[in-house]
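Undergrad: What follows is each chain in one-letter form.
Protein chains: 2
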Amino acid sequence: MTEHQLLRDLVERNGSKIVLVVADGLGGLPLEPAGRTELETAVTPNLDALARRGTCGLSVPVLPGITPGSGPGHLGLFGYDPLEFKIGRGALEATGIGFELGPHDVAARGNFCTLDGAGLISDRRAGRIPSEESFRVVERLQAVRIDGIETFVKPVKEHRFVVVFRGPGLDGGVADTDPQATGVAPLDPAPQSPAARRTAEVAQEFVRQARGIIADEPKANGMVLRGFAAKPALPSYADLYGLRAAAIAVYPMYKGLARLAGMTLVGHAQSLDEQIDELARCWADYDFFFLHFKYTDSTGEDGAFAEKVKRIEDLDRALPRIEKLGPDVLIVTGDHSTPSLLKSHSWHPVPTVLAAATCRPDGLEKFSERQCRGGGFGIFPAKHLMLLAMAHAQRLGKYGA
Amino acid sequence: MTEHQLLRDLVERNGSKIVLVVADGLGGLPLEPAGRTELETAVTPNLDALARRGTCGLSVPVLPGITPGSGPGHLGLFGYDPLEFKIGRGALEATGIGFELGPHDVAARGNFCTLDGAGLISDRRAGRIPSEESFRVVERLQAVRIDGIETFVKPVKEHRFVVVFRGPGLDGGVADTDPQATGVAPLDPAPQSPAARRTAEVAQEFVRQARGIIADEPKANGMVLRGFAAKPALPSYADLYGLRAAAIAVYPMYKGLARLAGMTLVGHAQSLDEQIDELARCWADYDFFFLHFKYTDSTGEDGAFAEKVKRIEDLDRALPRIEKLGPDVLIVTGDHSTPSLLKSHSWHPVPTVLAAATCRPDGLEKFSERQCRGGGFGIFPAKHLMLLAMAHAQRLGKYGA
Chain V
18 MTEHQLLRDL VERNGSKIVL VVADGLGGLP LEPAGRTELE TAVTPNLDAL ARRGTCGLSV
78 PVLPGITPGS GPGHLGLFGY DPLEFKIGRG ALEATGIGFE LGPHDVAARG NFCTLDGAGL
138 ISDRRAGRIP SEESFRVVER LQAVRIDGIE TFVKPVKEHR FVVVFRGPGL DGGVADTDPQ
198 ATGVAPLDPA PQSPAARRTA EVAQEFVRQA RGIIADEPKA NGMVLRGFAA KPALPSYADL
258 YGLRAAAIAV YPMYKGLARL AGMTLVGHAQ SLDEQIDELA RCWADYDFFF LHFKYTDSTG
318 EDGAFAEKVK RIEDLDRALP RIEKLGPDVL IVTGDHSTPS LLKSHSWHPV PTVLAAATCR
378 PDGLEKFSER QCRGGGFGIF PAKHLMLLAM AHAQRLGKYG A
Chain G
18 MTEHQLLRDL VERNGSKIVL VVADGLGGLP LEPAGRTELE TAVTPNLDAL ARRGTCGLSV
78 PVLPGITPGS GPGHLGLFGY DPLEFKIGRG ALEATGIGFE LGPHDVAARG NFCTLDGAGL
138 ISDRRAGRIP SEESFRVVER LQAVRIDGIE TFVKPVKEHR FVVVFRGPGL DGGVADTDPQ
198 ATGVAPLDPA PQSPAARRTA EVAQEFVRQA RGIIADEPKA NGMVLRGFAA KPALPSYADL
258 YGLRAAAIAV YPMYKGLARL AGMTLVGHAQ SLDEQIDELA RCWADYDFFF LHFKYTDSTG
318 EDGAFAEKVK RIEDLDRALP RIEKLGPDVL IVTGDHSTPS LLKSHSWHPV PTVLAAATCR
378 PDGLEKFSER QCRGGGFGIF PAKHLMLLAM AHAQRLGKYG A
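From first to last, the protein sequence lines are chains V and G. When we follow the working numbering, the leftmost residue of the first sequence carries the number 18, and every step to the right adds one. When we follow the working numbering, the leftmost residue of the second sequence carries the number 18, and every step to the right adds one.
The hints are all genuine.
A pair counts as met if it fits within one copy or between any two copies, since identical chains are not told apart.
Below, in silico cross-link-like pairs of lysine-lysine (DSSO-like), each with a Cα-Cα straight-line distance of 30 angstroms or less:
hint, residue 1, residue 2
1, K341, K311
2, K341, K360
3, K415, K174
4, K174, K311
5, K327, K415
Read the hints as simulated data drawn from the structure, not as lab findings.
Use the sequences and the hints to build the structure in full.
TA: Here you go:
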């Protein structure tokens, strides 16, 4: 019996409220071997109080040693095994720019490139043209028309864009057209299985028309397509947990991930304060609230230790307003670690606290990597966090008599 | 997606060096309930320093409560799930005496037995004849000739030997011929599936000729064959991790296990000092180094607590020479525990330390069973150790965007 089958059998409904605060990239490392991490350096009276009344642990996003991107990191927290449920690159990219994928869509990432007179790639990134220039070229591509297919072309950043094909019988199994080299022509879109033949034809027609339209561009006169993917088939929060779930996020990527899990996007908050305003406003309408805080990750990615410390303190200061709403289960965790030392996501497990009336005290004094290691949840797979949330919300019945 | 598929997707190459020191049977037990284990008794300033700068944990070789042999113990450390990848008894026995199995080989363990005038087994171990006598009988068996098959017969110890059949179309699915009783005849080699029919015939012909050759032996005039097995299909270290891997071991069993994983056997060291000489010599030629230290296991098997303590201290004294080479990742662990108290392998989890620049400090003061329990890796499956090694060597890319 899989965990999801078990869940479906055991889920009960009640009036409880669960709040999941994801501080992106929360976990860190000290700058010097014997030093303190960002979280250990930050002054966090409210997180510490939460740790004292809750249960803590270190969550492993995917597997020991595996560094997740935002997609797998969030899927795990949402209770989907990130090795079982995968979001194809194209689908994630579309999600990341806020494009709402439908069930008949196939998305791919596009890169503009420069082709020479013989049609061979001379620059794989079209000289990294600025976003404004790319936006203009993308605008020209709106003229493509393919019989029976709706086509969406959306700019991302610099030379990157997303193309989405919508129509019956499409399939993500099309190979990348990027030859990963210069001096050669882009590849034709090739089906990786018979089911994807139609999609490969559609992609080929798109490229044919597009090439004609942008032939006069000085730099972005060609393109390669990568990561063809349909919308991933995730069971929804309503289906899996019986929860009416709301997502309160600022950035498109996290809104998109929440939408893939069937959450409702709430509000248009642009800051943590506004997110909490939104939370208060929709408190009566939902059972579960995913609140995404980006800046612990972005400061980590920048290698800005002191800035990350400040952002953690910002989050700490905001906590009492969330607690005042009286959630039955309040979780603070991260989708992965982003140590300033590494300036990137990492595999290190993530400090996690869950506070509820049913918590067994584990004697922690502070919310930190070091203390969480000795917490009541131990070192645990992130995909189990939602089971714990559901249990502490008393939303899971007994398994077996 | 399995862990191995994931690895293949994420592996990157760089110039980093990983050293895996396996102190065989490292974990122990106190002789008296409140006492100290062998490792806790040993004076180990270098291991303790390693624990202070690294991350520690207790590794579970197979599953809680499962005592592994050397085969599964090492497979786990090498990153192969020991429940998925099995080394058949015959293949392990051949490996253990240093026989290099080929892809067309089937190996079986043989026991000489004594047959009475009616051909029934009167002694299942041929009176445990001394090794010298057994070697002589094995020598006589070199005369066996089977059409289209190359046959290797190698002595092991006392009444035990190994037979390897080499030829096209062989298969390990042949039942044991040991009836596990006296007063009955050895069984005929029976195929367990159609694919093994030819192998069973070959084995039968081997036994027929052998019986004729050794009919005049006073004790070893018969034989039973057990554990027919082909070479296990392990993906190699090069394939799985993109690592050029060297094994520096003294004993044939561990050389054999390393070879099954595609490591290159380096040198002919006969002591730990010579092993480290070898390590230094081949440092530039490999990315990964497996260094096997036997004596923590053999002293444990002998129930020699104080001797095991000394052997741990020997290992500790050797560490600085390894550290001086500047490995990016240095791991010290064991393939299982061998408590002197039990005089045998055991299921107890194994103290493990990994030191690298990317370690999150876990505040341990000493390398011991007790302290490792509170280490940053917690209690973890041994098969995940290589993921951690690869991550800390910065040889794994990000999973998902």
